[in-house]
Structure formats: structure tokens, C-alpha cells
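Visitor: Here's the letter readout for the chains.
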Amino acid sequence: MVERRRLIQAVNDALFEEMERDPKVLVYGEDVELSITGDMRGLHEHFGHDRIRNTPICEATLTGMAVGLASVGYHAVVHMMFSNFFYTGMDAIGNQMAKLRLMTGGQVELPITIIAGYGGGAANAAQHSDSAYPVLMNLGGVNVLTPSTPADAKGLLKTAIRGRNPSFFLEPSGRGGEVGDVPDGEHLVPFGRAAVRREGGDVTVLSIGRMVKPALAAADALAGQGVSVEVIDPRTLVPFDEASLLASVEKTGHLVVVDEARECCGAASQIAAVVAEKAFHALEGPIRRVTTPNVAMPYAPNAERHVIPGEERIVAAVLSLAGRTHKATA
Amino acid sequence: MVERRRLIQAVNDALFEEMERDPKVLVYGEDVELSITGDMRGLHEHFGHDRIRNTPICEATLTGMAVGLASVGYHAVVHMMFSNFFYTGMDAIGNQMAKLRLMTGGQVELPITIIAGYGGGAANAAQHSDSAYPVLMNLGGVNVLTPSTPADAKGLLKTAIRGRNPSFFLEPSGRGGEVGDVPDGEHLVPFGRAAVRREGGDVTVLSIGRMVKPALAAADALAGQGVSVEVIDPRTLVPFDEASLLASVEKTGHLVVVDEARECCGAASQIAAVVAEKAFHALEGPIRRVTTPNVAMPYAPNAERHVIPGEERIVAAVLSLAGRTHKATA
Amino acid sequence: MATTVIDRRTEQAALRSGPSSAELLELYERMLLVRRVEERLRDDSAAGKLPGAVHLYIGEEAVAVGVCAHLGDRDYVTSTHRGHGHFLAKGGDVRAMMAEIWAKEEGICRGMGGSMHVADVSKGILGANGIVGAGLAIATGAAFGAKLDGEGKLAACFFGDGASNQGVLMETLNLSTLWELPVVFVCENNTFSEFTPSREVTAGRIADRARAFAMPTAEVDGNDVVAVWRAAADAVERARSGGGPSFIEAHTYRIQGHFEAEAFVLSGGRYRDDEEIAAWKKEEKDPVLRCRATLLASGAADEAALRAIEARVLVQVDDAVRFAEAGTPADPALAETLMFVRDEGA
Amino acid sequence: MATTVIDRRTEQAALRSGPSSAELLELYERMLLVRRVEERLRDDSAAGKLPGAVHLYIGEEAVAVGVCAHLGDRDYVTSTHRGHGHFLAKGGDVRAMMAEIWAKEEGICRGMGGSMHVADVSKGILGANGIVGAGLAIATGAAFGAKLDGEGKLAACFFGDGASNQGVLMETLNLSTLWELPVVFVCENNTFSEFTPSREVTAGRIADRARAFAMPTAEVDGNDVVAVWRAAADAVERARSGGGPSFIEAHTYRIQGHFEAEAFVLSGGRYRDDEEIAAWKKEEKDPVLRCRATLLASGAADEAALRAIEARVLVQVDDAVRFAEAGTPADPALAETLMFVRDEGA
Ligand SMILES: Cc1ncc(C[n+]2csc(CCOP(=O)(O)OP(=O)(O)O)c2C)c(N)n1
Ligand SMILES: Cc1ncc(C[n+]2csc(CCOP(=O)(O)OP(=O)(O)O)c2C)c(N)n1
Ligand SMILES: [Mg+2]
Ligand SMILES: [Mg+2]
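Just so you know, the protein sequences line up as chains A, B, C and D, in that order. Residue 115 in the working numbering is what sits at position 130 of the first sequence, and the numbering runs on without skipping anything. Residue -7 in the working numbering is what sits at position 8 of the second sequence, and the numbering runs on without skipping anything. Here the working numbering = 1-based position in the third sequence + 13. Here the working numbering = 1-based position in the fourth sequence + 13.
Source of the hints: derived by calculation from the structure; they are not laboratory data. Any given hint might turn out to be false.
[Said to hold, decoys possible] Covered by chain D, according to a simulated footprint, are these stretches of chain B (three or more residues, beta-carbon under 8 Å):
| hint | region |
| --- | --- |
| 1 | 142 to 154 |
| 2 | 281 to 295 |
[Claimed, not checked] Below are the DSS-like pairs computed for lysine-lysine, each with C-alpha atoms no more than 27 Å apart in a straight line:
| hint | chain 1 | residue 1 | chain 2 | residue 2 |
| --- | --- | --- | --- | --- |
| 3 | A | Lys198 | A | Lys236 |
| 4 | B | Lys236 | B | Lys198 |
| 5 | A | Lys198 | B | Lys9 |
| 6 | B | Lys9 | A | Lys263 |
| 7 | B | Lys263 | A | Lys236 |
| 8 | A | Lys263 | A | Lys236 |
[As the list claims (entries may be wrong)] Only part of the chain A face toward chain B is listed, based on derived beta-carbon distances under 7 Å:
| hint | residue |
| --- | --- |
| 9 | Asn80 |
| 10 | Ala111 |
| 11 | Met122 |
| 12 | Gly125 |
| 13 | Lys236 |
| 14 | Cys250 |
| 15 | Ala281 |
Note that beta-carbon positions come from the ideal geometry of N, C-alpha and C, so glycine has one too.
Produce the entire structure from the sequences given, and follow the hints as far as they go.
Guide: Now the structure itself:
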């Protein structure tokens, strides 16, 4: 059995199920009760004020409090609205969540799930459009989840809430995300297992989160031009499924990484570096990154479109590689 | 004329000179007056309370205040002690400094210099040992400076303080840094120009900040084994001198990047990705990263030594590449 | 609003008891401008003409206008996500703001910032800000600069009741007290943080947080422009004369939704009554209507004079919208060229 | 210190006026243990035997001991960079702490945390913390958990006068007031933030920051263990019985440097007089000597009894140091294996 759900509804389903399952799961954040993004809808009526609660605006405390709750046996699910607000609550993320388990010699587990929207495209301007996950990836101690489908959103979030580590669950901001089939009942997606969204033999395109859609569109377009693209969706960036990616690159000899985060020290750079180290022998051309350049997101929609990766730039990157063998052309 | 100076003294010299030159340059931070790390020594006696001032402990305000001062024509030099405290003051870094110039359509300039120590090796444990610059590099709007010599420390800091953009100046934590020759008088080092610390033909080793020293030691050791290593010090990570690095890789065909920051989305990953894209045709083997793994810095000195890159790991990485041509071995 | 710092200082003593009739008329016109501009934004947003979210200040105009009346171009303000009122009250250009919100090259931020980031640094408007509480530290920094300049300038910092729960408030109260900075903290308590009633997330009285630092503090009816004007006159004089920071808590009410897509986003969810909103729209409460009534009652103006002002304002708004509509779309290349000042080693 | 929550609650009423003689002796012994452990750390640090920096609590023992006397293992504390006293007062194991500081596998954090991060979660010691102010939000979270558990548990949060300038203080005062959380905020005002005298960086009275939230607040002589004990008894009872948060400002003094390499680091720089330090070491001020004098004066103990305690403590310290010295060096591989709990999809 499957059901058609919007990504945001799948998130809502996962929260309902996990809060039912485990009374130690709590949700809080700014305006979670009325649920501005929709993912928390109905939870307050159903679970009441001890389980889900609006907070004052104080991100430093919201993230720090999650550490305290985790230390005493609760699993805090914190909604932070936009990933830009990670910066406002960054101390407990960078200095506590990512470090406390090692610092205490393994005494604490930190079952924490942070939810936030990311990315541009809605004219929200720079302070509400960051794809702020590379910053998290560099901390070394937190999981980073970037679902692209409603089914994965549900399955990854459930895994996160059953987990005993801090996990950041990143929703594409705005409009509730994509619609897709979600398996009925218990549906868990393990961390660190990529999904091959489309098989192909000429070029591997690894695309992250909201970028899976334009990557698939590009693959369609390229198929018409006789280029066979394999589209991989890592689903989680930490942990990262190296094996699936390396296997694909072994087959195609080419890699394009598509990521909405900024390029410098971004997820695309990390992934390119892994492949340049571990599948170098298989590469038959340069690794291309299609990313948002190193800029703050502009407000004007035309300027946003200019910097956010889209189908055209992906097609161009693939075409710059397809057909190359070994080091024939530079 | 040159003078022998410790890195920290060179920083102190730069501050004296720039504060003399420009009355709009101010310094503040926690305990800057007595100068716990030594880089601010004597400034308070010389320039007085309007120019250099101890602050309360409130990093969110310290970074935000720098934005306000910059907006009204001052150049704030903020000492933040340890780069871990960037997280505590991260909002104004990530959401203001890195974005305000674009968001205002270029109306504001943000002449701000942030100074902080970074890195492990002094048993300061996880919350005082991060090399927290990859996080800055991903923001897209701030310069990142990682001097490895006293001369560069002086020259880069002076360039930063004369500049009109936010710049982060990262000192190796503890013990005042290396000793070296510093040219007398006016000495400026431009951003985005790498230094070739040692020429060589077999393998390029790009090493960052404090890692230059073990990289040079490794190069020495490898010379004894007949391997000729070129050691490049980028000096600034944003902006980054791609041309010098690519030219070196064109010559050697091999790259090892040595970085004390954590591996995932770290500076080494960024640099590897650039080379895998732009000098792929010249590469004759995989790109190796020698970094701190994705861990919080442990306290025990033996455990610190285990995770921080050192000469041995650099030598091993170079040896794994040297002599390889094209795709002979994987 | 364009009078210089010096003028204001000499006038101050005489005006302490309240604005003159001429000044009150000026305050009225400025409030009306903010109101009409935002009504137009409300309509254009509903019609899908504006790209991003707009957060409207309707009902709170007396706060920005009452405070900024005491400021010159060389004084600074920091603002919030709800920043059109502060921008206009501080003398920002209507056309340039409108073009910004329409994402045009002619916009005050060349279309790169939008509604949430309107700024005119040449007029001391350091910017609306999308990060709740961020203006507090920026204003404190600007005030430190103003103090060092020694020319009697100051920074006014507008922030909400919601922002009052960000720790940076306490940090800046502490630091500005210690350093005797010329800053006026203006808390716009409009009883909501987004969809959460203030009382659910804000313990105690906000003004008490400033009183804990022995900071001179006033609580005023934020819908009475004269009351705001008076409290601000005191605070501004204190700042200019080296007396350090002050705190004003202005009690007011947000009439529109948190932002203009609110009803859509909440899809039926409610956090306040229609009656409550209606009550705040009445002449006894609404700051614009109230000021109008005062002007008439005091004889400072007659209906005809007010109608003339109202017509003038509408012309200004229409002109601004036409200007914005006719503007050139923003230049997409700016994102890449404007990030850094390109003049250094870089 | 190992008595359960339940015991304490029934005893409470009777003890409100002050600790019994037996309890005062217990407080003395615990303070003395902290003192002697830290004197040993001071000496071993000077001798270069300890790898990292140590921040000593000498002179402030009455605060941790007076507060923790009311806590059981199921209550929580959060601590600071200066955390040995809190760790030991809350019943942490001396050997395990010493081995940690010596970077040994037998250390309470297996040598991964060191002096700045000593924690024993099984005893509710959520950890010393190297980030000034971080414990405030962690304690608030723990208190929220404690409240939800509904078993009368609470969290005590120790933090410095310097930490009181971090905005997170105001945030947690606000939130814990609103949610009526069982948390006791304990500000250790030792007059310094590192090398900066508190008055230069801290405006107003710290306790007033809590009073702004109408939080029950006590200011006490932090060098008088009985005074601390009394204030804590009130606050703890309030927390246990659902009365919400309380605030205690304990005035005390740091006798050692900010950390043990201070003199080296400052290379001659001074921020306080030797006479001032000397005054705080006198019997009238020093919390350990003062308690000793009280015990003798009240007849609760004679010289012989006290000497016996003192000898016992010294044996304990020697034993702990021997244990630490003989320990196994930390396992370097832990850094890579301990970061995540390895049980999930990962
Ligand atoms: C740091 C941060 N957290 C959360 C938000 C989301 N947000 C935008 S406005 C707002 C409420 C602000 O309330 P208040 O300060 O009272 O201002 P008002 O909207 O009432 O004018 C929130 C939570 C934000 N923009 N920034
Ligand atoms: C966020 C942060 N900023 C700065 C520091 C550096 N630092 C360590 S202790 C300290 C002073 C703390 O003063 P206080 O809170 O009074 O505690 P005390 O040392 O007096 O016990 C400072 C500034 C830090 N560890 N964390
Ligand atoms: Mg509000
Ligand atoms: Mg102190």
C-alpha cells in the first residue's frame, strides 16, 4: 500500500507516529503549535502542551536545551524554521552536540533531531535562503539528512527520532515540498544508503535534496541527446554512502555533483574530494560541481534563478564530460 | 633589514603600526588589555581606552557590534581568543558580515578583522581546539587568512586592517607561534597569492597554516628518499590562489593537501575539488587529503597526536603517489 | 525629518512638553505615508505582484514616526523584518523602497535585499534585518562609533517584543550601560511573536529587563504619537548629551497578519479574535485616526487641510508604485560582483 | 551527598534553620576534599605533570558544597570550566576525576575530556563545560526533563559572574520562569572574568537580572557555607515542590589565578593586589577555615576530630593521585570510535 503525500505531510506523519510510539519524544520551537510550515500540524491538539510547545525566540537556548533534555533521557525534536537560524543557535550545535559524546568518554547519548528548511527560490533573500548544511558536515559529530522525496522524508525522520545521535533534518523551504508515494505503515530509511534515482552508463550525477528534481529533468533531456545519465541521491550527507557513488563512477567514469549549498567547502566539494581520492583510477574526465556560487542569496527572483543550480547548468556540465575518455581532452 | 620575531610579536607589530596609521582602527575583545595570548601586549598603555577595550563575555554582541562600527566608518579588530567561540558569535558572522554588503546592494563596506587562535596540540580539549575556518569559507562573504610565518602574519594582518571587507585572521593557538624573519618597516602581503615554500618536481604538497612546518619536514625526509616535493602555502584560503596551485600540479602531476581542519567539507576537500576539476588532465594519481578526521579533539595528548596530521602521515601520503604515472596503479 | 542634528538640539528644550501644531501635522503626514504605502503593499502582495514576503507595520506607525522625528540624517537606526515604517520615518525614499520590494535595479538595495532588508546608509538607515534581534548589537556598535565621533549623534534601535527574548538584548543593555553609549532601545510590543501571544513566551515586563541595569526607562502608549514623541525627546536628549542609553517600551498592536501570506500558511489556524483586531482599528486606538482627531480637535488643522495632505500622500504612493513597476529588473550578475569590495590584495 | 531525594524532602522542614552539627561536619569534610585535591592539582600542574590547563576553585568551595548538599544522585548539575568543586560536591569520584585530568583511560571521561569537561552522568553531573554560559541552557533542558518526569527532581546550574553577561542567561531566566522549571541558578560571583574585574564588564547587580523576571532571588556570602546551604535549601524546596526556578548570587573570591599558567601567560601583567588575595585567605574569609572555626566554636567538633577528618582527606587525595599516575594512557582510537552511538542506520 502506498499513499500520495506532500513532503511536508510525510514529515507530519512521521512525527505523529514517532510521538505515539515513544512518550519521551518532545517537540518544541517557535510557533510549532500553529505550524507555520505545516509539518507540525495537528500535533498540539493531539499530544498537548507537555509534548509540543511554542518557545520564545532564543535559538541559543533552544539548541542548548535539547542537549540538556537528551542528557536526561528525552529526545528533543527542535524546529528551527530556516537553516540560517542555526547560526543564531550555533554554540550548542558546534560546541556541545557535536562534541559532548566524545568529551564525556561516551557517557552521553544525544538523541536530538533538528528540523529546518533550507534553500532559495522563494525570494526570501539572503537571511532566509542558506543551505547551511556544509557547516554542520564539518563539525564531525552530527548526522545530516537531505531527503528529496516524501517517502525518504518520512523514513529518514523516523530513523532520526529513533536514533541516539544528533541529526539535522533538512526540508526544502517553501510550498511543502514535492508530492510522491509513501509506503503505508512502518517505513524506515537507514542512514548512509544512497538511492539510484535513474540508471545510466555515461555520466554519474550525484544530486542533493531539492536538486534531485532538476537533475532528473536534465537526465531526461540528455537521454534525448543520446547521453545516458545515472542519477544518485545520497539521501544523507553524514553518514555518506561512498560505496554506491564509487561503484557508479567506476561504471561511468564521470561525475557531476549538484548541490544547492555554496561551492566553497560545500557538500559538492567534499564529495568531489572523496571521488578524486578513491575512484581516481576510474575517472575519465574532470569532476564538475554545479552549485550556488559563493554568494549571499539575492532577493530578486531572476537573480536567484541565476545562482541556484538548474537543469540547464546540469545539462551543460554533463555535456562537457560525456564522451571523454581518459585524458584525451583537457 | 629583517628582524627575528615570533608570530605573535609580528601580529603585535602589525597592530601597533595600523593603529598608529589609522585612528579609525579599534580593538576590542575579552581580556585584550592584559593580552592573554600576547598579540595585544602594550596596545592599551599606548592607545588608551577609546582604541582598545576589554568587553564582557558576549560573543553575539561582539561580532554584531563590529558590523555596526563598520557601518559607521570604523574598522573593528575583534579578538575572539579561540576559533570555537565563532560559534557563540556566529549569527552576526553568518547572517550579517557575510551577507550585508550584497543585501544592501553594495551600500555598506564591512571593514572588520576578527582574530582568533585555532587548532589542537595543547591538551585544550574539544571546545578550545577546533580549526573552525571551513565554516567561514562556506559563508561566501568573508576572507580567511592562515599565516604560517611571522612575516606573513604581519603582512596579512596589515592588509586585512587596511581592507574594507570582513577578514578572519587565524593564529595557531598556544606558545606564540613560530619564530622567523620579518622585513622591517612597511610590509604588506596581498590576499590570494600563495607562497612556494620549497620547489620540487615529483609531488605537490599544499599545506595550510600550522601544517606548513610538518610538510616541510616531510619534504626534507622525502628528499633523502629521492622524492622531490614542492610545498605550497596558500596563505589565504579566501581568496584562494588557484593559479599557483594548478601550475604546480601541472608540473608534478600529484597533489597532497595537508590541513588541520576536519576532513568533511574542510579546506582540503575544497582544494582537492578545485584541482579535480581544473587540473584533472595533469593528474597522474589520486588526490590525497591529510587532515584531522571527523572527530572532536580529544584531551589526552597521545590521542591528539593520533588525529592531528604530522610529518609521518604526510610522508606516507606522498609515498603512496610518487612515481605513479597516469592510471597505472589504483 | 531632514532637519539637522544641530537644529534639533537647540529646539529641544522648548519642545519638551509636546510637538508644536506644525510638527504634529508633519507627524500625521509621515504616519499616513507609511500607512498608505503599506496598504498598497498589502494589496499588491495579495494580487501576487510582489516576489517575496512582506511584513506590514500597519497600526504601529506612531512608534517609528514619533521616535524618528527627533533624528537627523547623521543619526542611525536599526530596524527589523517589519522595517518599512522605520525606513520611511527616518526619511528613506518612497520610490527607492518600493522599487526594492518590486525587485528592481532602481531599488534602494538594487533588488538584492527586498522588503526585509531595506536600508539607506546615506541616511543612517542601517537596515531592516531578517534575523530577530540582530539590530540590537548593530545599533550598539553604531552607537559606540557615534560616541567616539563626539558629535552628539546617536543610534535608535527598533525591535519587537519577540526579539526581547533573544539574549542579545541583555548583552547590549549591559554593554551600552557600561560604556554609556548613545543608544535608544525602542521595544515595539505589539503583543505577538508571529502567531504566539507575547504573554506565552515573555515573562515579566519587558521594560523591567532594562530597569535591572538602572537604565532610564519609559513605557508608553505606542499608538499615541505624542506620547512616543515625548518619551523619545527625553531619550534622544540624554543620548546626545552624553547621558548614555535609554529604553522605551511602546505598547502597540499589529493589525495585519505576521506577514501577508499568513492566512494561506495557517490554513484556518487562529491565534486571535476578529473582535480584537476590530477594536484596534477604531479611532480610539488606531494611531493615524487618533492623531487626525487630535489635529481637528485642537484646531491645528481643519478637514480641508487634512484632505489636502491625504491627497498628497496618495499621489506620492501612486508615483512610487508606477516608478517601481516601470523599473528595470535587477541585474542578476550583481550577486557575484557585489559580495566583496574589490580593492585589496584580493 | 548520597542520600536520596525522598529523604531530603522529609527532613527539609526541620533543617530549614541551618545544617545540623553532623551535617556541618559533612560540609566541612567535602569542602576540605575539594581544597586538598585542588592544592595537589596546583602543585602537579606547576611541576608540569598535567597535560592541559587547570582552572582552580580554591576559595569558592562553600558554594558548590552548600548547594549540592541538598541534591541527590537523581538531581542534575551543570558546571563550568572551573568544575572540580562541583564534580566532587555532587558526589563524583575523586580517583576517576584525577585520572581524567591525568589523561588516563581510567578517567571519568576516559581521558577524552580533561579538567574542563569532567562529568559523571550516572550521578547527574552533566559536565564541566569550556564554553562560558553553555551550562545555562543545558540545565534548563535538564530541568524541563525533570519537570516532565514529575518526580521532584531538579537541576542546579553553576555559572560565573562573567557568564552572567552572556545573553543566554536572560533567555533561560525567561524560559524557566514561563515554564516554571525546577532549576536553581547559582551565580558564583568571584569578582573576576579571567583578568578583568567584574565591575568593568558587569553593569548593575547580577541578581537584579533575575528579579526582572520576579524570580525568587537570594544574595549570599558565598564564603559562608551555612549561608549558602540555607539559601539553597529554600531554592531546592521550591524547585521540588513545583514552585519553579530560583536564583542565588553567591559573592566569593577566586584565590588562585584564572588558570594555573596565569603568571606565565601574563608575564608581569597585574590585575589585582597581593594584599587583596591575602585578605581572602584569612580565617575570616576563607570558607574552609571559617567553617572549621565554626565547628570548633559551636562545639560540634574538637581539634582531634577535625584532625582525623583532615588526615582522612589527605589519604583520599594521595590515593587518587597514585591511582591516576598508575593508570593506562588514554586510548587514542577512542576519538574515532566514540563520536557517534553506533546502532542506527549509520
Ligand atoms: C533568529 C530568528 N529566529 C526566528 C525568526 C522567525 N521570525 C521572524 S519574525 C518572528 C517574530 C518576531 O516577533 P517580534 O520581535 O515581536 O516582532 P513583530 O513581528 O511582532 O514585529 C520570528 C520568530 C527570525 N527571523 N530570526
Ligand atoms: C564562549 C566563551 N567565551 C570566552 C571564553 C574564555 N573564558 C574562559 S573562562 C572566562 C572567564 C569566565 O568568567 P566567570 O564566568 O566569572 O567564571 P570564573 O572563571 O570567574 O569562575 C573566559 C572569558 C570561553 N571559554 N567561552
Ligand atoms: Mg511582536
Ligand atoms: Mg568570575
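Visitor: Each hint: holds or not?
Guide: Tested hints:
1. Look at the region 142 to 154 of chain B against chain D: 0 of its residues bring a Cβ nearer than 8 Å to a Cβ of that chain, fewer than three, so the hint is violated.
2. Beta-carbon proximity to chain D at under 8 Å applies to 11 residues in the region 281 to 295 of chain B; the threshold of 3 is reached and the given coverage holds.
3. Note on Lys198 (chain A) and Lys236 (chain A): the hinted pairing holds, with a Cα-Cα distance of about 23 Å set against a maximum of 27 Å.
4. For the proposed pair Lys236 (chain B) and Lys198 (chain B), the alpha carbon gap of about 23 Å is at most 27 Å, so the pair holds.
5. The straight-line distance between the Cα atoms of Lys198 (chain A) and Lys9 (chain B) is roughly 50 Å, outside the 27 Å bound, and the hint therefore fails.
6. A distance of roughly 51 Å separates the Cα atoms of Lys9 (chain B) and Lys263 (chain A); the hinted pair therefore is violated under the 27 Å criterion.
7. For a cut-off of 27 Å, the pair hint linking Lys263 (chain B) to Lys236 (chain A) stands: about 22 Å separates their Cα positions.
8. Distance check on the hinted pair: Lys263 (chain A) and Lys236 (chain A) sit about 14 Å apart at the alpha-carbon level, within 27 Å; holds.
9. Using the Cβ-Cβ criterion of 7 Å, the hint placing Asn80 (chain A) at the interface with chain B is satisfied: the shortest such distance is roughly 5 Å.
10. The restraint placing Ala111 (chain A) at the interface with chain B holds, with a minimum CB-CB distance near 4 Å, inside the 7 Å limit.
11. Given hint, Met122 (chain A) at the interface with chain B, holds; its Cβ is 4 Å from that chain's nearest Cβ, closer than 7 Å.
12. Among the interface hints, the one on Gly125 (chain A) holds; its C-beta lies about 4 Å from the nearest C-beta in chain B, closer than the 7 Å criterion.
13. Annotation: Lys236 (chain A) was flagged as interfacial toward chain B, and the flag is violated, the nearest CB pair being 15 Å apart, outside 7 Å.
14. About 4 Å separates the beta-carbon of Cys250 (chain A) from the nearest beta-carbon of chain B, less than 7 Å, and the hint is met.
15. The criterion of a C-beta within 7 Å of any C-beta in chain B is met by Ala281 (chain A), whose closest approach is roughly 4 Å, and the hint holds.
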